Every structure is written in structure tokens, then in C-alpha cells.
Amino acid sequence: MQTLDMADIELREMNATLHAQAENTNQTAWEIKNPRGAHAIACGLDAPIEVTVKGSTGYYCGGMNKQATINIKGSAGPGVAENMMSGTVVIEGDASQYAGATGHGGLLVIKGNASSRCGISMKGIDIVVHGNIGHMSAFMAQSGNLVVCGDAGEALGDSLYEARLFVRGSVKSLGTDCVEKEMRPEHLEILADLLERSGADAKPEEFKRYGSARELYTFKIDNAY
Amino acid sequence: MTDTTNGAPRTTPIQSATFSDPINAEIRRAAATGIYDIRGGGAKRKLPHFDDLLFLGASISRYPLEGYREKCDTSVTLGTRFAKNPIKLDTPITIAGMSFGALSGAAKEALGRGATLAGTSTTTGDGGMTSEERGHSNKLVYQYLPSRYGMNPDDLRRADAIEIVVGQGAKPGGGGMLLGQKISDRVAEMRNLPKGIDQRSACRHPDWTGPDDLEIKILELREITGWKVPIYIKVGGARPYFDTTLAVKAGADVVVLDGMQGGTAATQDVFIEHVGQPILACIREAVRALQDLGMHREVQLVVSGGIRTGADVAKAMALGADAVAIGTAALIALGDNDPKWEAEYNALGTTAGAYDDWHEGRDPAGITTQDPELMQRFDPIEGGRRLNNYLRVMTLEAQTIARACGKSHLHNLEPEDLCAVTMEAAAMAKIPLAGTDWYPGKPNTSF
Amino acid sequence: MCGIVGLFLKDKSLEPQLGSLLAGMLVTMTDRGPDSAGIAIYSNETKDQSKIVVQSDTPKTDFDGLEVALANASGVTVGMEVSSTHAVLSVPNGAIDAVRTAIAAVNPALRIMSRGDTLEIYKEVGLPKDVASRFAIDVMSGSHGIGHTRMATESAVTTMGAHPFNTGNDQCLVHNGSLSNHNSLRRKLRREGIHIETENDTEVGAAYLTWRMQNGATLGEALESSLTDLDGFFTFVVGTKDGFGVVRDPIACKPAVMAETEQYVAFGSEYRALVDLPGIETARVWEPEPATVYFWSHSEQPIKEEAA
Numbered sequence: 001m002q003t004l005d006m007a008d009i010e011l012r013e014m015n016a017t018l019h020a021q022a023e024n025t026n027q028t029a030w031e032i033k034n035p036r037g038a039h040a041i042a043c044g045l046d047a048p049i050e051v052t053v054k055g056s057t058g059y060y061c062g063g064m065n066k067q068a069t070i071n072i073k074g075s076a077g078p079g080v081a082e083n084m085m086s087g088t089v090v091i092e093g094d095a096s097q098y099a100g101a102t103g104h105g106g107l108l109v110i111k112g113n114a115s116s117r118c119g120i121s122m123k124g125i126d127i128v129v130h131g132n133i134g135h136m137s138a139f140m141a142q143s144g145n146l147v148v149c150g151d152a153g154e155a156l157g158d159s160l161y162e163a164r165l166f167v168r169g170s171v172k173s174l175g176t177d178c179v180e181k182e183m184r185p186e187h188l189e190i191l192a193d194l195l196e197r198s199g200a201d202a203k204p205e206e207f208k209r210y211g212s213a214r215e216l217y218t219f220k221i222d223n224a225y
Numbered sequence: 001m002t003d004t005t006n007g008a009p010r011t012t013p014i015q016s017a018t019f020s021d022p023i024n025a026e027i028r029r030a031a032a033t034g035i036y037d038i039r040g041g042g043a044k045r046k047l048p049h050f051d052d053l054l055f056l057g058a059s060i061s062r063y064p065l066e067g068y069r070e071k072c073d074t075s076v077t078l079g080t081r082f083a084k085n086p087i088k089l090d091t092p093i094t095i096a097g098m099s100f101g102a103l104s105g106a107a108k109e110a111l112g113r114g115a116t117l118a119g120t121s122t123t124t125g126d127g128g129m130t131s132e133e134r135g136h137s138n139k140l141v142y143q144y145l146p147s148r149y150g151m152n153p154d155d156l157r158r159a160d161a162i163e164i165v166v167g168q169g170a171k172p173g174g175g176g177m178l179l180g181q182k183i184s185d186r187v188a189e190m191r192n193l194p195k196g197i198d199q200r201s202a203c204r205h206p207d208w209t210g211p212d213d214l215e216i217k218i219l220e221l222r223e224i225t226g227w228k229v230p231i232y233i234k235v236g237g238a239r240p241y242f243d244t245t246l247a248v249k250a251g252a253d254v255v256v257l258d259g260m261q262g263g264t265a266a267t268q269d270v271f272i273e274h275v276g277q278p279i280l281a282c283i284r285e286a287v288r289a290l291q292d293l294g295m296h297r298e299v300q301l302v303v304s305g306g307i308r309t310g311a312d313v314a315k316a317m318a319l320g321a322d323a324v325a326i327g328t329a330a331l332i333a334l335g336d337n338d339p340k341w342e343a344e345y346n347a348l349g350t351t352a353g354a355y356d357d358w359h360e361g362r363d364p365a366g367i368t369t370q371d372p373e374l375m376q377r378f379d380p381i382e383g384g385r386r387l388n389n390y391l392r393v394m395t396l397e398a399q400t401i402a403r404a405c406g407k408s409h410l411h412n413l414e415p416e417d418l419c420a421v422t423m424e425a426a427a428m429a430k431i432p433l434a435g436t437d438w439y440p441g442k443p444n445t446s447f
Numbered sequence: 001m002c003g004i005v006g007l008f009l010k011d012k013s014l015e016p017q018l019g020s021l022l023a024g025m026l027v028t029m030t031d032r033g034p035d036s037a038g039i040a041i042y043s044n045e046t047k048d049q050s051k052i053v054v055q056s057d058t059p060k061t062d063f064d065g066l067e068v069a070l071a072n073a074s075g076v077t078v079g080m081e082v083s084s085t086h087a088v089l090s091v092p093n094g095a096i097d098a099v100r101t102a103i104a105a106v107n108p109a110l111r112i113m114s115r116g117d118t119l120e121i122y123k124e125v126g127l128p129k130d131v132a133s134r135f136a137i138d139v140m141s142g143s144h145g146i147g148h149t150r151m152a153t154e155s156a157v158t159t160m161g162a163h164p165f166n167t168g169n170d171q172c173l174v175h176n177g178s179l180s181n182h183n184s185l186r187r188k189l190r191r192e193g194i195h196i197e198t199e200n201d202t203e204v205g206a207a208y209l210t211w212r213m214q215n216g217a218t219l220g221e222a223l224e225s226s227l228t229d230l231d232g233f234f235t236f237v238v239g240t241k242d243g244f245g246v247v248r249d250p251i252a253c254k255p256a257v258m259a260e261t262e263q264y265v266a267f268g269s270e271y272r273a274l275v276d277l278p279g280i281e282t283a284r285v286w287e288p289e290p291a292t293v294y295f296w297s298h299s300e301q302p303i304k305e306e307a308a
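Protein chains in written order, with full-length UniProt numbering: chain A, 1 to 225; chain R, 1 to 447; chain F, 1 to 308.
Simulated from the structure, these hints should not be mistaken for laboratory data.
Note that the coordinates shown come from a computational prediction; the quantities given were computed from them, not determined experimentally.
Any given hint might turn out to be false.
Interface residues of chain A toward chain R, partial, derived using beta-carbon atoms under 10 angstroms [what the hints assert, rightly or not]:
(1) Q2
(2) T3
(3) A22
(4) Y59
(5) G63
(6) G124
(7) F139
(8) M140
(9) S159
(10) E162
(11) R184
(12) L188
Calculated pairs, SDA-like style, for lysine to any residue (alpha carbon to alpha carbon, straight line, at most 25 angstroms) [claimed, not checked]:
(13) K129/F to G226/R
(14) K54/A to G226/R
(15) K220/A to A188/R
(16) K172/A to K129/F
Glycine included, each C-beta is placed from N, C-alpha and C at the ideal position.
Construct the entire structure; sequences and hints are all you get.
If you want it as C-alpha cells, here you go:
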């Protein structure tokens, strides 16, 4: 285990050290101490290493992650794992707004609650939230899966494309063009896999599925404004 | 003239200037379809522009440089503030961001080829970076847009600069648009969208709002790219003084300012013609912001929106820009709206020079399309050659003017080298009306 | 555009540390706004006295003998304590308006930062650390306070453009965001007789609340109607004599984090602002909901946390 203490080194040095880890590094386990809400921690990683952040982070922790596994032993600020390509980010606490925004791949697990705009414009990422999510989540979500074990806030899935949304609890309101959809066996399979990989204590059968009504897919008089 | 065919004198029919033919046609179109007009291109209305400014030239009080013997440097370096690797260009005329999707892959390649031959940069667009474009562009600026289509860290690290797009001149405050006809398999795959849908992209970035957040976003992008490449911020001509100030405060290396004449692949006509300021009105305000911050020439200013000739380039630089970007002009150089396709333009209900239905993907020139047959018409190598020629001509023209004003470098052109021939241009550009030392709004003068 | 902090103490034993905690929180938000900074502190209630804080760009000359001149002009006793460019005037309860009139008469160039029984606002152009040390904020005690560091968007970088804005006796407000209808609202409020000094959007937000409360609304009601009448993006934190409140616009893009323990309720634009607070590791940390008014008070009322 290698330790990087942000009380001793600057953000630049910490990220440069992590960026220097190649595919075949031996030093696969890293610990970051004293994050104290700093921004851009462990962003832009591209190696199969495991990074554990011992505390809460600011904006864009794990941003654009590839391959790496990042564990945040606290809460995450806005835009955690934004535009993630692959790998895994696990947050023990809560996540602020825009969690997993525009993510293309990988798995984001939020063990607490996620704030507004969780999964906004997601493009293939899988997001599992053990708690609740805030308003405007999955806005313009394009593809991937968003699983919410708790409740969803207002305007879930507004202007949704082809992402799949699974919510176990209540949904305060659905956004424009988001509708409840039939849960088919393949969806239960996807859910079972995601729940298991994210360590969520829930059964696929307890969820409802939401998706796009595809009414906004063409400019029409009825949906022009 | 009076018509007396029926005996009594009659008035001649008079068309209303308010309810003109185009306005009436648009009312009928709206009434028939129930949807606003979508088109490509920039503002078509007449606006005060660079044509309304003239250079004074040298005579007895100033000495010109010898055209073919005495050097007039055109090089420019962008991104000198924080980036380890600023971009060095041989000419200050760059290629503006235009998306793969809006343009064909071959057209993007041609832009890269032409820019590279001319020693300048080209820019990706809303839709990601294609391999053709990266492969053929020596200097490639990667746009970071609200939609984040095709956004990935590998391309980010492959880019020579990153341009965070906050807005564009054709539609400050608006998002992108790409209609179904142009969402081909390849475009759909790059954007993670279903094929053939009408795609609308967001107007705000998904994960930051305002300059305080932007500062943190810039930090993240710099951390991911190791502080190597310059970070540009592109804004539409809305409130250039404030927007430039805030871009600089948020940590930009370069500010890109796009006036309302700047083009787009597809947007509501009402947006194109009625939102934003002409570029002539934007430049001095942006420069004033940089000067107030002590950052003029430290943070470079790139302006765009209706740049067509070397004279436009020289005038933009005299007003304080460090470089310019061209979009529409580059497409015309590649062959867009060429009269050789007139019959086909007529078949589409338009004429060469007026064709702006780029969103429909039926471009006879094969440039703003994803249609395999139409794309065949466009040769990227020939397109690249033409663009290089055009960039070189513009650069030579700008040099010609600069030498005539006694400058051994384009960036030594000054506002004092100019006069204005209209009151509007004088007021907007803060350049004295020809024959006077006055412009409307000049401090300590009264009208 | 800005960084905001707020701290409301439930545990009186922390009161001597209020200034240092709040100043520390604000300094961590410096990156969000390097133009100007300000802090409002509620402290030192004295039974018969109220306070007016005034600011001068030329304090040496302006504050020299000011209390005597004001006493002569107003007919009441005026005490004065100078702190850098600010002076805290103490006046008998009920004499605030008389002394304000006297200030306008004696030296119209003086700027009123705040007025009330316990409220003191200190604000200047500059970084939070410089503003905090100029006024020795870190040795101040108090029951609650709010702070702000500003990145000016459209209006001037001046002392009067700095936050917090005083909205009435013992009331103040800070803002992060950008209002989009403040010009027409300013004209309307001016027609209603409300004094608005600057072209700043936040001052209009503050004046709006003042106007609503002058017309009988409670602070909570005024905040709730602000959700309808103010357009654009805003997170407001407001202070009153007894408490503090938070409200975000319905879109709620601008960041906001809150923390609550047995000892305090805290607000920060980012979590970083909260990391040095005692017991933060075990605090309840959450983000305020959009279009929802939150309010905490030292008086007997229960916590008001109701949807608008």
C-alpha cells in the first residue's frame, strides 16, 4: 500500500504520481489521506490500480476515470466520476450533484444518497445508488443503467434517450418524455447483476423500470415547447 | 407612376417594408407547419461590419514596409499564460469548431489538411474527435461542450488545446441541434444516440454553472492533461466585457469570442437573426476587459463571426485580437454553395450562395452531409489544397495591409490605424469617423 | 458568483470562537470569489443599545470626532469604536433612524454597512484572509454569522457591491448565483420607495425581502415569495437577530452543503468550507432541496423546514 498524504503534497504531485502508474505497475494499491474536500482528486486515471480516499472529496473526484477502482471513504462533491469510461468508483457516503455525469462506462456506486442531476447525460455508465436521488436525475440520459434503491426526486429522466432507470421507492415526478415501462426478464437480469456487484441489499423484483416514451425523438408541434 | 387603364387614376401597389415577402412567407410557413424555422449558417441581415472600417495606410508621417523584401511576421502563440505547451501558429487565421455530424468525415479531414499545410490549427466540434481529423491536423483544438458527445480522456490527452465551449455567436444561450437526417450509424455511435432521431443538445454544461464552478472545471481538465495544453474558453457575443473578465478570472489561457455572424449547422432562424451582438461591437469590449485586468496579450483573444478576407483579419487584429477563426468561409473555400451545383440548389428550392438547409443533410457539395453518395463528391485532398490556398491568400492580404501601415508584425496593427465610414461602425468599434477625430460615445466629447 | 458560508451556534460555549470559525470557513472559499469579502456577525447584545456600522474610504478624517457630530445632530448619545475602514456606532434603542438621518446630514459620503441590535457587517474589496485580518474577525464572538466571498459578474467591484447586504434592522443576506430580472425589479422597488444603492443583483434580492417584510410578510413568507418573483439562479443565506435561513432557486445549480450537530448548523458552498468545524466527521451533512425554505432560530420556535 502506497500512501499519498495531501497534508504533505500538492494535488498536482498526487495526481501526477497516480497518472505515472502504467498498465503493468506493481504498486496497485494507493491510499490518499487528508483529502479535506479538495477538488479533482484522482481524476484522469488510466491504470488498473485501486485508490482509497480516506475522507470526503470536492468537485470531480475520479473524473474521466479509466480502469482504476476508486473508493471514497466519505462523501463526494459535485461531478464525482464525471465522464467515467471504465473502472469502478464507490462512495461510502453521499454524492453531491451531477454524480456520474456524462459517464461512458464503468460502475459508480453511491452507498448514501445522491443529490440532484445524478447521471445527467449518462452515456453508458452504470450507476447504483443505495439511498435516494435528487431532482432532474438522468436528465437527457443516453444509455447505461441508473439503479436507485431509495426514492427519486422531481423530474426523473427528463428528455431521456435510451438509458434504463430502475427505482425501488417512490418517484416524486417523472420528467417530460419519461414513462414507466414493463420490466422484462432481461431487465431483471441486468438489475440482479448490478445489485450484486454494488453490494446493494435489494431484490430486482422490488423495482420499477422507467424509460423514454420517445416522443421527443422528432420535432413535432406537440412537443416543440 | 399612375395607372389609368380603367379611367380613374390608381395607386401603384406598394409592398410593405414591415410585412415584406420573406416575412409573409415565414408567417405562412409557420401557420402551415406549427414549428419554427431551422436552418444553418449565420445572421444574414445587414450588420455593421469590418467593411465599414478602413485602414489609413502610410504616406509621409508614417513609412510603409517594402512588400516583397521587408519582413512582416504573421506568427502567433496561443496559450502562454499557464500551459506548458502553448500553440505556435504560422498564421493567426485558425479554423473554428465544426462538428463531425454537421460535416462529413471527409470535410473534417480536409479542414485538418488545409490548416496543417497553412501552419494553423483546426478544431473539433459537438460530436467528438474523428481519427481522420486527428490524423490530418498538426494542431487540433478539442472542444469540450455541454453535450459531451464523444468526449473521452484519450482524445483529451491527444489534443493540442482544449476549448471549453460556453456559447457560440449564432446562438448565445442556446444548445446544439442535429436533425435525424444526419444521424448516420457512425454519428449515432460516436454520440451514443439512436440513429435517425432529431437530437437537441443542452445549453448549459451538465456539471458546472457559472465562473466559480468553471474555475474548478478548468482545474480538473488541467490535472487530467498534466497542465500541458492551453485551455480556451469560447463565448458567443453576448456581454463580451463581463464574459471575457470572468473567463480570465476562472483561469483561461485563451478567450474565443464569436460574434452573431458566426455560423451554425442547425438552429432556429429566430436565434440566428435576433440573439447576440455583431462581432464589430464585441472586440473592443473584450479587449477593454483584458486591459482592465492587465491581461491583454497575456491571455490571447481569438475572434470569429463573419471573417472573410485578409482585410477582416487585419481589422480584427487592429482592434486588439490576437488571432481569428473562420468557419463559414472555410466551408465556402472547400466548395460549399459553389455555383457549379446551381441546378441541384434550384431543385432544393434555393440558389448557390443562399443554401442554408445544412440540417437536412442534402448538401449538393457533399460537405454538410452524412449521405454516402453526396459525400463521394467531396475530395478531402483537393479540399485541403483549396483551404490552404485560401488561408495563404488571406494571410498575404493581411500582411499587405500591415506593411502598408508600416508594421513588421501583424500584431502591431492598432485601432489608430483605422477610420470608420459609418456612424454605426464608429460607435461600435470606437474608431473615429473618417476625416474626424470623433466617434459616438467618445469620452469628453459632446455631439 | 461566489462562495458562501454560514454558522449558527446552538452551543453557547462555542460563541467565543464564532469569528475564527467563520473566518476560517470563508478563507477556504477564496477561489470561488477573489474580488471582495464580507462577514456579518451577530454578537454582544446590550440591553439599551443598538448598533450602526459605517464605512469610509478615508477613515482617519471621516471618523475623527464623528460620534460628537452625530450626537449633536441627532440629540442622542453616540458611542464609537473604529476598526480599520469601519466604525461601530452604539446608539440608544429606538434611535437608529434618528442617527441614520444624522449620518446623512453630517457626512453623506459615509456608507452604512449594517444596523440593528446585534448585527455588525464588515466588508471590503480584497481577499477573505485580508478582510478577516483587517477587521480582526477571528477574535470576535457571537451567536451566529454569515460570510461571503465574491467573484463579481456584472456589477462593480466596490465595498457597496460586497456582500452581506443589510436588508433591515438585524437582517442581512448573501447570494451565490445571478439574477436575470433584477433591473426591472429594481425599478419597481424604487418606485415603491425602497432605497437601492448599486446596480448589484443581490442588493435587489435583499431590497425585495425588505419590501415584502415592510408590507407585513415574515422572513419565511418573503423568502417563499422570492421563489416566484426572482428569476435566475440563486442560493441565499439570510441572517436575522435570532437565526438564519437558506433558500435555493427551483433549478438549484449553485452548490450548497449543510451540516448539523448538537453544537451548530453550518452552511458552505462546498464541503471544504466545513472541514475544520468541530465534530464534522459525525455531523449530519446534506444538500438543501430546491425551492425550499430552511430556517433555524434561537428563539423558542421549532425548526422551520417546509416546502414552499
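Hint-by-hint comparison with the structure:
1. Taking 10 angstroms as the C-beta contact cut-off toward chain R, the hint placing Q2/A at the interface is violated, the least distance being around 19 angstroms.
2. Contact between T3/A and chain R, as hinted, is not supported at the beta carbon level, the nearest pair being about 20 angstroms apart and thus beyond 10 angstroms.
3. Given the 10 angstroms rule on beta carbons, the hint for A22/A is violated: about 14 angstroms separates it from the nearest Cβ of chain R.
4. The closest approach between the C-beta of Y59/A and any C-beta of chain R is roughly 5 angstroms, which is under the 10 angstroms cut-off, so the hint is satisfied.
5. For G63/A, the shortest C-beta to C-beta distance to chain R is roughly 5 angstroms, which falls under 10 angstroms, so the interface hint holds.
6. A distance limit of 10 angstroms between C-beta atoms decides the matter here; for G124/A the minimum to chain R is near 6 angstroms, and the interface restraint holds.
7. At a threshold of 10 angstroms, the smallest CB-CB gap from F139/A to chain R is about 8 angstroms, leaving the interface hint in force.
8. The interface hint given for M140/A holds, since its Cβ lies 6 angstroms from the closest Cβ of chain R, which is under the 10 angstroms cut-off.
9. For S159/A, the interface hint holds, since its Cβ comes within 10 angstroms of a Cβ in chain R; the closest pair sits about 8 angstroms apart.
10. Taking 10 angstroms as the C-beta contact cut-off toward chain R, the hint placing E162/A at the interface holds, the least distance being around 6 angstroms.
11. The restraint placing R184/A at the interface with chain R is violated, with a minimum CB-CB distance near 19 angstroms, outside the 10 angstroms limit.
12. With a cut of 10 angstroms, the hint placing L188/A at the interface with chain R is violated, because the nearest CB-to-CB distance is about 24 angstroms.
13. The suggested pairing of K129/F with G226/R is violated, with an alpha-carbon distance near 29 angstroms, which exceeds 25 angstroms.
14. About 24 angstroms separates the Cα atoms of K54/A and G226/R, which keeps this hinted pair within 25 angstroms; it holds.
15. Proximity of K220/A to A188/R is assessed by CA-CA distance (about 21 angstroms); at most 25 angstroms being required, the pair is judged to hold.
16. This hinted pair does not check out: K172/A and K129/F have alpha carbons roughly 43 angstroms apart, beyond 25 angstroms.
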